[in-house]
Amino acid sequence: MEITAAEALIRCLEKENVEIIFGYPGGANLPVYDALYRSTRINHVLVRHEQGAVHAADGYARVTGKVGVCLATSGPGATNLVTGIANAYMDSIPLLALTGQVSTSQVGTDAFQEVDITGITLPITKHNYLVKDPRKLPGIVKSAFHIAATGRPGPVLIDLPRDVAQAMIEFKYPASVRLPGYKPTYRGHPTRIHEIAGLIKQSHRPVIYAGGGILSANAAAELLQLAELISAPVTNTFMGLASFPGDHPLFLGMLGMHGTRYANLAVTECDMLIALGARFDDRVTMHLQSFAPEATVIHIDIDPAEIGKNVITHVPLVGDVKLILRALLQGLEKIDRSPWLDRIRELKAQYPLTYCRDGRLKPQFVIEQLSRHTQGKAIIATDVGQHQMWVAQYYHFRQPRTLISSGGLGAMGFGLPAAIGASLGSPGELVVLVTGDGSLQMTMQELGTMREQGLPLKILMLNNFCLGMVRQLQEFYCEGRYMGVNFTFHPDFELLAKAYGMTGYTFRTEEDVIKLLPEALATPGPVLINCLVPPEENVMPMVLAGKGIAEPVDR
Amino acid sequence: MVVPARELLGVVAVEGGFGRMKHTLAVLVENRPGVLVRVAGLFSRRGFNIESLTVGRTENPDVSRMTIEVDGDDRLIEQVTKQLHKLIDVIKISDISREEYVDRDLVMIKVAAEPSQRVEIMQMAGIFRARVVDLGRKTMTLECTGNEGKINAFEESLRPYGIKELVRTGKVAMLRGSKFAGVGSGTRSSSDDE
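Keeping their order, the protein sequence lines are chains V and X.
First residue of the first sequence? That's 13 in the numbering used here, and the numbers climb one at a time after it.
First residue of the second sequence? That's -5 in the numbering used here, and the numbers climb one at a time after it.
Isolated chain V (complex conformation) (with noise of 0.2 Å):
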């Protein structure tokens, strides 16, 4: 029996086990929503802009580890998606981004709401597609998910014109996918497993450096094995957080920019870095001459094209991280090292983190109390900015894949649609999105969509009056000429709490924290807690530009 191609999507998304799609609708995707409305295996979750539908697949793509779909319409609703799908390329989240588009008779014409998306989005997807001949469409929704979820994932985009899915087609959905292109390495090389294994025994002051590749290969339980055995300290990446237990005596924290002095000292002093699932970012090596001067570097990562990218690596690895773990992990015995772990304590001690408390409520203390009430085990979805940064910092992560935000990109707004994925991905889970007043403004459309899907999130926003990452970096880099930073009007968050039909909550003093926080969080339905906390407050230690890591300010 024939069946339109739009039919034959929904059918493919099934088949993948799609549960939920975030969308919003437009008259290119009509015959798509047309076919949505007879399936009762997936649920649609209409957003208030595009932005939060691929904000919140993202979101939900974090949390679960599954494909993230999101749908939107030609033109403006294909524009719309552009930054969430810019951020879940620069994070590698599996995502599936579904756009109608004008007829193919109008393709090129400047038709109504007619963008070339595959264009505009080439840079920013591993791969996209215009659907031309509608027989082909199962093949390329087949393909779409297996490389968007296999590999170093990412973002793949399927534009689909109006008559093509309106076509009839025959529906088979294709068992395999053939991409003779596309093949990632998934085992290591032996011989370089076991040239690793002998480098780590004979190394004296081994650091491993972890980043959301541990996460995306599900790669914890081994990471936690790996640093036991050979007595590693681990530092993480912003990406990789949550992929080790914040409260481990061998934990840094995580390094670079605003990374814990004791993370930076470490990699600075270590023999042997050992990088998992990270690609040595900017923020991450800051002056690359002085990055692990004294370092033999192990790269072990699932995408060649990292390799060699920033830093000169001495042992190269290409594969999955979890398998390579596996193996290497057999060929290892405990090993003991006291002495650098004893120098490890040492820096610790003597450079903890901190910040001023003078009796006024300060961010940090925000973040320890909330850490301290859900003992590090909620999903903390953030915003972009110094809140996010003291979340990395004073959040006290147990579980993985229960830090849901923008790294790479470092896109504000996406906090609350991501948070909306996330507890669509996680039902029954505490969600807590902390924000600021600048982010929650970005995207705050999107309390909408929470309030219809029923969702109990608990946003904690740190007000500053002011976007206080720019402040900052104006009063180290532009001697305190602060210019478009300061927000003169905010609206009535507690009023807005309740125009939403959420519980408002306004803490200006660590006892409003103490005394409401833990009621805060056990009330039932959604919650806006403003939290007042100075403008002037920095995120501390940071590494300025052209500096190495091991030589931060603190204040």
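Hints listed in this document are in silico derivations from the structure and should not be mistaken for laboratory results.
The C-beta atom is built at its ideal place from N, Cα and C for all residues, glycine as well.
Watch out, some of these pointers could steer you wrong.
[Stated by the list, open to error] Under the rule of at most 16 Å between Cα atoms (straight-line distance), these lysine to aspartate or glutamate pairs were calculated in the EDC-like manner:
#, chain 1, residue 1, chain 2, residue 2
1, V, Lys184, V, Glu14
2, V, Lys195, X, Glu24
3, X, Lys80, X, Glu24
4, V, Lys195, X, Asp83
5, X, Lys16, X, Glu142
6, V, Lys346, V, Glu240
7, V, Lys559, V, Asp293
8, V, Lys321, X, Asp68
9, V, Lys321, X, Glu72
10, V, Lys321, X, Asp67
11, X, Lys16, X, Glu45
12, V, Lys148, V, Asp175
13, V, Lys78, V, Glu31
[Claimed, not checked] Looking from chain X toward chain V, a few residues come up when the C-beta cut is under 7 Å (computed):
#, residue
14, Gly35
15, Arg39
16, Lys76
17, Gln77
18, Lys80
19, Ile82
20, Asp83
21, Val84
22, Ile85
Use these hints to put chain X onto chain V, whose structure you have.
Frame of chain V, contents of chain X only:
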């Protein structure tokens, strides 16, 4: 899409970079619309310079072959190769300039030629084994194939007569002997991580 501006200007100096040299990459890609844009876009956004690029069909109708000339040191070429490999439509990449290879470029030159000069120009063409492919009242069009050096020499020898129009196909290249850069061949592709 050949003949970079600096070559037209006669600038041959290559600046900076240890071990910097021209590499010729044979890139096999799926014969699909948009592949050229993907490859060209990758070069521009990653800041790699293409010296020349040609595309054409191969023995397999589903596969096209690009010959890309890139100028850079080994590290850059490694990055170019790895980034190209990330494109789903790219099947295989071989840096054939690491081995013995043959390369050819084709040029067509329309040169000013009064009837009295034709014999002289034809004799010159003979030296380069070029052929006359068209004749106008005051022009001659010649075709010549060869490697880059020969084509450049041919162009120089015609320059005094007045070159009215010139077009080059860009370089195509192939490994010598029984080695292949094609699909399923034994030649080690430089994508291998080891």
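Here is what the structure says about each hint:
no.	hint	verdict
1	Lys184(V) x Glu14(V)	holds, 10 Å
2	Lys195(V) x Glu24(X)	holds, 14 Å
3	Lys80(X) x Glu24(X)	holds, 13 Å
4	Lys195(V) x Asp83(X)	holds, 11 Å
5	Lys16(X) x Glu142(X)	holds, 12 Å
6	Lys346(V) x Glu240(V)	holds, 8 Å
7	Lys559(V) x Asp293(V)	holds, 15 Å
8	Lys321(V) x Asp68(X)	holds, 12 Å
9	Lys321(V) x Glu72(X)	holds, 9 Å
10	Lys321(V) x Asp67(X)	holds, 13 Å
11	Lys16(X) x Glu45(X)	holds, 8 Å
12	Lys148(V) x Asp175(V)	holds, 14 Å
13	Lys78(V) x Glu31(V)	holds, 10 Å
14	Gly35	holds, 6 Å
15	Arg39	holds, 5 Å
16	Lys76	holds, 4 Å
17	Gln77	holds, 5 Å
18	Lys80	holds, 6 Å
19	Ile82	holds, 4 Å
20	Asp83	holds, 6 Å
21	Val84	holds, 5 Å
22	Ile85	holds, 4 Å
The structure fails none of the hints (numbered hints given earlier).
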